[in-house]
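Asker: Here is what each chain is made of, one letter per residue.
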Amino acid sequence: MTEKGIITRVTGPVISAKNMRGSRMYELVRVGNERLIGEIIGLDEDVATIQVYEETGGVTPGEEVISTGMPLSVELGPGLLGKIYDGIQRPLDLIKLQMGDYIKRGVEAPALERDKKWEFAPVAKKGETMGPGDILGVVQETKTIEHRILVPPGITGKLLEIAPKGKYTIEETIAKIKTAEGVKKIQMLQKWPVRTGRPYVKKLDPSVPLITGQRVIDTFFPVAKGGTAAIPGPFGSGKTVVQQLLAKWADADVIVYVGCGERGNEMADVLREFPVLEDPRTGELLMNRTMLIANTSNMPVAARDASVYTGMTLAEYYRDMGYDVALMADSTSRWAEAMREISGRLEEMPGEEGYPAYLASRLADFYERSGRAMLNGKDEKIGSISVIGAVSPPGGDFSEPVTQNTLRITKVFWALDADLANKRHFPAINWLQSYSLYLDGVKDWWHKEVGAKWEKMRNEAMSLLQKESELQEIVQLVGPDALPESDQAALDGAKAIREAFLMQNAFHKVDTYCPKEKQYRMLEILLKFNELMYEAIQKDVPIERIRGLPVKEKLARMGTVPDAEYQRRFEEIEKEMEAQFKDMVG
Amino acid sequence: MAVSKSKEYTTVTEVSGPLMVVEKVSDVAYGEVVEIETPSGERRRGQVLEAQTDKAIIQVFEGTRDLDTDWTSVRFTGETMKIPVSIEVLGRVFDGTGTPIDGGPSIIPEKVLDIYGAPINPYAREFPRDFIETGISTIDGMNTLVRGQKLPIFSGAGLPHNELAAQIARQAKVLGKKEEFAVVFVAMGITHEEANFFIQDFERTGALERAVMFLNLADDPAIERIITPRLGLTTAEYLAFEKDMHILVILTNLTNYCEALREIAAARGEVPGRRGYPGYMYTDLASIYERAGRIKGKKGSITQMPMLTMPDDDITHPIPDLTGYITEGQIVLFREFNRKGIYPPVDVLPCLSRLMQGGIGEGRTREDHADVNDQLYSAYAEGRRLRDLVAVVGEEALTDLDRTYLEFADRFEAEFVNQAVDEDRSIEKTLEIAWNLLSMLPESELKRIDPEFIKKYHPKRRGGKTG
Ligand SMILES: Nc1ncnc2c1ncn2[C@@H]1O[C@H](COP(=O)(O)OP(=O)(O)OP(=O)(O)O)[C@@H](O)[C@H]1O
Ligand SMILES: [Mg+2]
Numbered sequence: 025m026t027e028k029g030i031i032t033r034v035t036g037p038v039i040s041a042k043n044m045r046g047s048r049m050y051e052l053v054r055v056g057n058e059r060l061i062g063e064i065i066g067l068d069e070d071v072a073t074i075q076v077y078e079e080t081g082g083v084t085p086g087e088e089v090i091s092t093g094m095p096l097s098v099e100l101g102p103g104l105l106g107k108i109y110d111g112i113q114r115p116l117d118l119i120k121l122q123m124g125d126y127i128k129r130g131v132e133a134p135a136l137e138r139d140k141k142w143e144f145a146p147v148a149k150k151g152e153t154m155g156p157g158d159i160l161g162v163v164q165e166t167k168t169i170e171h172r173i174l175v176p177p178g179i180t181g182k183l184l185e186i187a188p189k190g191k192y193t194i195e196e197t198i199a200k201i202k203t204a205e206g207v208k209k210i211q212m213l214q215k216w217p218v219r220t221g222r223p224y225v226k227k228l229d230p231s232v233p234l235i236t237g238q239r240v241i242d243t244f245f246p247v248a249k250g251g252t253a254a255i256p257g258p259f260g261s262g263k264t265v266v267q268q269l270l271a272k273w274a275d276a277d278v279i280v281y282v283g284c285g286e287r288g289n290e291m292a293d294v295l296r297e298f299p300v301l302e303d304p305r306t307g308e309l310l311m312n313r314t315m316l317i318a319n320t321s322n323m324p325v326a327a328r329d330a331s332v333y334t335g336m337t338l339a340e341y342y343r344d345m346g347y348d349v350a351l352m353a354d355s356t357s358r359w360a361e362a363m364r365e366i367s368g369r370l371e372e373m374p375g376e377e378g379y380p381a382y383l384a385s386r387l388a389d390f391y392e393r394s395g396r397a398m399l400n401g402k403d404e405k406i407g408s409i410s411v412i413g414a415v416s417p418p419g420g421d422f423s424e425p426v427t428q429n430t431l432r433i434t435k436v437f438w439a440l441d442a443d444l445a446n447k448r449h450f451p452a453i454n455w456l457q458s459y460s461l462y463l464d465g466v467k468d469w470w471h472k473e474v475g476a477k478w479e480k481m482r483n484e485a486m487s488l489l490q491k492e493s494e495l496q497e498i499v500q501l502v503g504p505d506a507l508p509e510s511d512q513a514a515l516d517g518a519k520a521i522r523e524a525f526l527m528q529n530a531f532h533k534v535d536t537y538c539p540k541e542k543q544y545r546m547l548e549i550l551l552k553f554n555e556l557m558y559e560a561i562q563k564d565v566p567i568e569r570i571r572g573l574p575v576k577e578k579l580a581r582m583g584t585v586p587d588a589e590y591q592r593r594f595e596e597i598e599k600e601m602e603a604q605f606k607d608m609v610g
Numbered sequence: 013m014a015v016s017k018s019k020e021y022t023t024v025t026e027v028s029g030p031l032m033v034v035e036k037v038s039d040v041a042y043g044e045v046v047e048i049e050t051p052s053g054e055r056r057r058g059q060v061l062e063a064q065t066d067k068a069i070i071q072v073f074e075g076t077r078d079l080d081t082d083w084t085s086v087r088f089t090g091e092t093m094k095i096p097v098s099i100e101v102l103g104r105v106f107d108g109t110g111t112p113i114d115g116g117p118s119i120i121p122e123k124v125l126d127i128y129g130a131p132i133n134p135y136a137r138e139f140p141r142d143f144i145e146t147g148i149s150t151i152d153g154m155n156t157l158v159r160g161q162k163l164p165i166f167s168g169a170g171l172p173h174n175e176l177a178a179q180i181a182r183q184a185k186v187l188g189k190k191e192e193f194a195v196v197f198v199a200m201g202i203t204h205e206e207a208n209f210f211i212q213d214f215e216r217t218g219a220l221e222r223a224v225m226f227l228n229l230a231d232d233p234a235i236e237r238i239i240t241p242r243l244g245l246t247t248a249e250y251l252a253f254e255k256d257m258h259i260l261v262i263l264t265n266l267t268n269y270c271e272a273l274r275e276i277a278a279a280r281g282e283v284p285g286r287r288g289y290p291g292y293m294y295t296d297l298a299s300i301y302e303r304a305g306r307i308k309g310k311k312g313s314i315t316q317m318p319m320l321t322m323p324d325d326d327i328t329h330p331i332p333d334l335t336g337y338i339t340e341g342q343i344v345l346f347r348e349f350n351r352k353g354i355y356p357p358v359d360v361l362p363c364l365s366r367l368m369q370g371g372i373g374e375g376r377t378r379e380d381h382a383d384v385n386d387q388l389y390s391a392y393a394e395g396r397r398l399r400d401l402v403a404v405v406g407e408e409a410l411t412d413l414d415r416t417y418l419e420f421a422d423r424f425e426a427e428f429v430n431q432a433v434d435e436d437r438s439i440e441k442t443l444e445i446a447w448n449l450l451s452m453l454p455e456s457e458l459k460r461i462d463p464e465f466i467k468k469y470h471p472k473r474r475g476g477k478t479g
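So the sequence lines, in the order shown, correspond to chains R and U. Everything in the first sequence is counted per our numbering, starting at 25 for the first residue and increasing by one. Everything in the second sequence is counted per our numbering, starting at 13 for the first residue and increasing by one.
These aren't lab readings, by the way, just hints derived from the structure by calculation. Do not rely on the hints blindly, as some may be mistaken.
[Claimed, not checked] Under 10 Å between C-beta atoms, here's a sample of chain R residues computed to sit facing chain U:
(1) I39
(2) S40
(3) N43
(4) R45
(5) G46
(6) P115
(7) R129
(8) N322
Nothing here was measured: the structure is a model prediction, and the numbers come from that model. Where a beta carbon is used, it is the ideal one built from N, C-alpha and C, also for glycine.
Chain U extracted, bound-state conformation (with noise of 0.2 Å):
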């Protein structure tokens, strides 16, 4: 792109909503920044979102209120939205447009990168398999989560996402190993309140100090959201794979962010998708989920915990569904765990973790755990299945098998998805409770476990119970 064209205009001929209609250009590129100069004399940032002959559409970041058609400037700066990196960004805090907001110095980069990055070539992806220990028995035991993956939390509103990751963040950790560890946060249109609870248990714990925070707020502007991710992400690529640390990427809230798309494709007069969202809603959120992952040679990783709030807790909502539709995996917070005070509400039956496969076993967690895990969820499904049946026509008409079963579900809800917020399970903690639970049951239903396996790890088989 030419860089000799930082040309200023005041021939703007619309504003409407986000966007803003400037006539009479030439050269301007599209994708590239452009500065805007309010009547008042303050500077905002923008983006081409078109590029004619003689005419751009820009989208405006921080807000379209104040400006006007007469005395509004624009400068077209020739370059696309960048980013300073540096390794001194540990530990810092900034807005959602990268500006230092901790009062300390702005950053000397190091190198400056463009915020949209590139597509990782597939062919240069490590596939992820390094199991992270969360503490967290329905994630470590069911859900598992490797590094490299993007696994988010599907919430619903006031339900305890943010203490849920929090606990993931400061509990999280690789077996065996001592590596550079970092955390990325990245807040779009949450609250003061909901920020401080993160900054505050990262000052807890210490780990602010191997945080990066990029905070776009609820009274932030809403179109600032489109780039704060980006910032987040371009900044923890920079940290996983030239600076060789592991990175865990905190997302949140892309409900928020989805509705920062829609307001740009209604005020652009598009033809709307389901729920008046974008039709290339996919492909944008694609563009940020994808950018976690490992890289064949290279000793990082970028693993991501996007979290959103499902409208109505509706999972067929569009933010959801095209979401579980890129990532890989989702955990599901369920309101009526909530309300019965179990914490974390995760709701396994909707749970998955698509790496989870690669990340267990031998070597990795161990033998038994995949055969376990299958278990756990069939015979929690018939437990459920059964909750479900008496509520119609009373436990009388059940088995005595039917009854264990019943029992197994509340029990596995009690002791196995209950755990406190800061209890931290090992993997051999969370699959002995796996294993007292299942031993509740009659051996000859355990059809997904390896008769090995039983005889190995079974309680009763191996004297009595334990733990």
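Isolated chain R (complex conformation) (with noise of 0.2 Å):
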């Protein structure tokens, strides 16, 4: 515990020192006089390799190095919510009130308040045997959350005492209980190293949708509750648009926000944005669900590494509650660029394109920390954590390993798309490269949910905007003129579920919201649409005159319309466009 080690080289966030036999892997340690917080990640001897979270200007060879013997650990306990963190947990208003407008070095900032009192109410009883993940009470976290206080992993025994109803710091003792290794105190308060995955009983299979409120998302590639989905595409094609879309209005009951290495603008316009925004489905605001972890591209790059740890060990906390939680981690490849560049420093061995070997190795095992599970304690809570990654690929190439071997392992791919992009067809998610290994998973909750022609509508869809790239191809050769009108009729029909349904904006009040119903009866009208077009083709009108129909329009702007009246307007629309369709047939 007071060993000291001795500073021999510094390079940038990468440190060795000597004399530290005896010191573990991932151990924290304090570096040089001012204490800097690093992290051990090589031993050999009595050398010990340091990742540094701090800027590391200044460190002379010679400071010493002090052991914590504590591994890097997250607090966790009423009061997470609504926070900003940095990738370490130091709370970044706080860090604000201490130091100003710039983050400097050596701050010490508790992650949770200490002196706060939160509403306790008991739930176990004295002389209950309890074991992990059994409810000893609750706390009102937020107007939606309750906060559960389970029996921390690797505790069981008899409960000698629970606090009564009443009001309590963190810190203060609310249970004891008996175990075979004696008598154990337990706070609200509580700590749990950010590389260990939390335990659960074991994983289910996901067959709920993650409702994201984004049509080409939710019926075309849906992502499950308790699944992963990777997003790459190249800079300006739309990936955190999408994650603070899916952020804003994903139906999960906690959100964890992790921007890794990006910009410092886009977590200022989370922190303007969701303290007002109302979740959709509890009015409550969007912030009061939202955890924020902001380690930006110009904060130190070893803080990477750990700040997507540090945000799962976070949901996995209010998974283990029972709480569908999302995570949402912008960018993973500046975290794999943060392991390539500590790995150069230490001379290891590179893979491909300079990633360490290890790199396909950590990607899995972060995302396998994701999924819907059966949880410990005796009211066989069910809770789930799906993660959405975003990937950066150098030049938009996606054969690079960082995309690569995250596709390996998500079940979800949205492959954002340059050339979507520059037309402004947002979200840029290309439809004919993307898939959802969900699908089949997820489709009789859309038939009992929402309506039995789902699964059928969504593939109708898909096989016509195929068919459309087919026909482009074509087109591309002789023009459109020379296809016949069946044909040109397959390139409407597809061109209007591409503009109405698949387009979609997130800067408009009503459109960056869809609600599920309202996204079956859009579809079911296009496709309604398209069957007219084509028994009107059939009795010989000609396309130039579908063209011209005046309901056209409307179903251009059915997206548009507000959720409260979409149901009439729609009906009318139908009618119209039926209508329509009459007299041109006769």
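Please assemble the complex out of the two chains, which come individually in their own frames, going by the hints.
Answerer: Shown next as structure tokens:
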């Protein structure tokens, strides 16, 4: 515990220290006179290699390294929701109070407030036998989230004492449990090492979709609660906008948003919007279900690595209470680059494109912590963590190692496309390249909850889009005129689906979120248009006349019809459409 | 950092490329500044890149020419790299290391600041939303710039990016506000001729008094380019956040900066990333670009306009690519337009301003701005698609509507994109040109525009063409 190492080498975020015998991998250390926070990432005899989570300018060989005996851990307990932390869970609001507008070194700030009192209501009864995951009591953390105080992993025994209903700080003892190793005092404040996944009983198959309100996602390439999705794309193609849309509208109980090596203004944007926007399901402010981890591109590189694990551990903590959590990581490529930089400084044998050979396994281990799970505790809770990772491939080339290794693990692929983005087709998710492996898993849910034709309509629309791309190839050679009218109609039908359904404007107050029932109706009407068009063509109505139908404009604007009116208005549009076709066919 | 250790060594054991190795040292801090004396008595500066117990690796900013392992002496200063600042820097010209080269006196510092600065706490950032009118339609109308944004120009060799940057510096204003405004101009490896172009332009318009210039020119040492932008940005931060000024930082040319980074990486024998550039280039560039922004409770702002030339006009080259991943959009110049005589030769399709949404609309520009922008993009993209198609199948294969789109694209380039080097268009004027172009299309094609706005702004609805 009180061992002291001596720094022998400093190169950027990596330092070496000797006299470190007795230290363990991933142990937290304090580095140099300023006691910077670092983590041991390599041990060779008595020399430790340490990645430092703060700037190392001025650190001098000969200064000390102090071991803490603890791995890098996060604090867990009431008060996490609504917070913004850096990569190692230091609260950025407190840092601003302490040191002003810039982040300087050597901050010491507790992640959770020590003197705030929370209203605790006991659930467990004195004398009961308690095990990990059992609920001791609850705290109403926000209007919608009941924070369940659980028996921590590894503790089993008789409940000797439980605090009565009342106000407590997170450090006060609220329960005593008699375990085989003696009496354990339990506080609301708990700690957990970030690199170790929290235990659960077993993983379950994801079968409920995470509804995001994004038509191309929910209807075409859905992600399940507990699922994993990758969203790779070149710069400016819409990764961050999609991640933020999901953080806003996805029907998860709790959101963890990790800004890993990206822009400061994007965090400022979230901090500006989330405290005033309402969750469409609960009416509660979005910020109150959100935790932000901000380690922007100009903050220390090593902390990018910590930031994704910090975020994941917070997600697991709320999952363990039985909540559906969604975690967004923007961008996992910056994390991979941090690994590459550290590995380079360690002079490790580089793998593909300079990334370390363990890139694939680190990514896999991270995504593996997602899932829908049966949880510890006698009440058989089920919780989930869905993970959506942005990937930023150099030059937009998906064949690079981070994209490829991620796609090997994730079950959903939303391929962002620079061409679509340049044309301002947003979300620029390429419908021919993308896929979801949850379609089969979630279709029963859709059929039961929304409508029986979901799968059929989705497939019909997809094959129309597929056909469009085949016909486009012919058009490129001979021009659209050379196609038979029925094929021209197919092109028009696909175009209507693209423009009215796939495209969705994130910045339009209505269109930003499309309820699932509305999605269903929109697709139903668009496919009907297509069907009527075919019938008309069969009856020799010239395609030019169909192109001039007034209803087409209304179809294109369906997304912006307010949620409260759409049922009625869509019905009108549908009737109008039928009438206009009837007029033509005679 | 201890200040007592200004020790001198003559134990240089190796000089290679921009690097130097000194042995038998003690107490050398990572990142500290060293002063080097060449055998002929010339003084240079360097910085510690790697500190070991008894050895230091140093990057030498002014080049390693003439350095040797016998006579060269090295003094460790115990200090990080710093720059003196004061309001007096306005109107002054410095070289790439911060030494005045305009014949004026040296700066009496009000403060001496570390040139690497510190990251702005994201919690302290104010989200930038104030529209800057540049008078250029492709920017104001379709890629709006706001105060505190970092918006680079992606150019190619021989394209008029300097003219465009100078025009923006001349014309940029925030509507309805008279505020303290200044330009920080940072040159990295550009020619004397290019630097003179800016100096003369600033002189002609009287902007020079409100400008600070840091010039590292093509024949100055390449490694110095690593510090030049940081001198400029530290000065900008001082003026913006301590003196309440709105600062436009023009950085040119980032391509030269990245070459310098590559040179150091190669000299250190680092595992190269894509095309030989170091794997940490993203992080390094971010430490420059992220110094743009606004801070809550502060009046001033830093807006950055970095310029770079895309090698081979290739936007996927690591320099534009990594820049685009950090900045808040990009303005892309297109060689074909330049050939056709269109100025500024901006191809709007690959352009983007990520902060546009918050900076436009009612009370900022005009209520219909966002919709008009969407519609312009979709109509122009359609015109461009058809232009490609026509090249293969001929115009006969097209419908009447298709032909209208083709004509739209041509007129868009000639009337909206194209403007004079001294033409300062108001946002009203830009939107008016846009509506006139959009009115070529049947109204049913204007699907991206709210019908209310069509009623209010469509020239045919308002009773005939204006303008
Ligand atoms: N769904 C959308 N609706 C409207 N506009 C969008 C949408 N998605 C993206 N955009 C536009 O594209 C711009 C770039 O998107 P975004 O910042 O998400 O890109 P990115 O892929 O995260 O880029 P980077 O990798 O550089 O961070 C946005 O600022 C916005 O203007
Ligand atoms: Mg992004």
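Asker: Please go over all the hints and tell whether each is borne out by the structure.
Answerer: To see whether the hints hold, each was checked on the structure:
A distance limit of 10 Å between C-beta atoms decides the matter here; for I39/R the minimum to chain U is near 8 Å, and the interface restraint holds. Taking 10 Å as the C-beta contact cut-off toward chain U, the hint placing S40/R at the interface holds, the least distance being around 9 Å. This hint is violated: N43/R has a C-beta 12 Å from the nearest C-beta of chain U, more than the 10 Å allowed. Annotation: R45/R was flagged as interfacial toward chain U, and the flag is violated, the nearest CB pair being 18 Å apart, outside 10 Å.
Because the smallest distance between the Cβ of G46/R and any Cβ of chain U comes to about 21 Å, over 10 Å, the interface hint for this residue is violated. At its closest, the beta carbon of P115/R sits 9 Å from a beta carbon of chain U; the interface hint therefore holds under the 10 Å criterion. Hint on R129/R holds. Least Cβ distance to chain U is approximately 8 Å, under the 10 Å limit. With its C-beta approaching chain U no nearer than about 4 Å, N322/R sits inside the 10 Å limit, and its interface hint holds.
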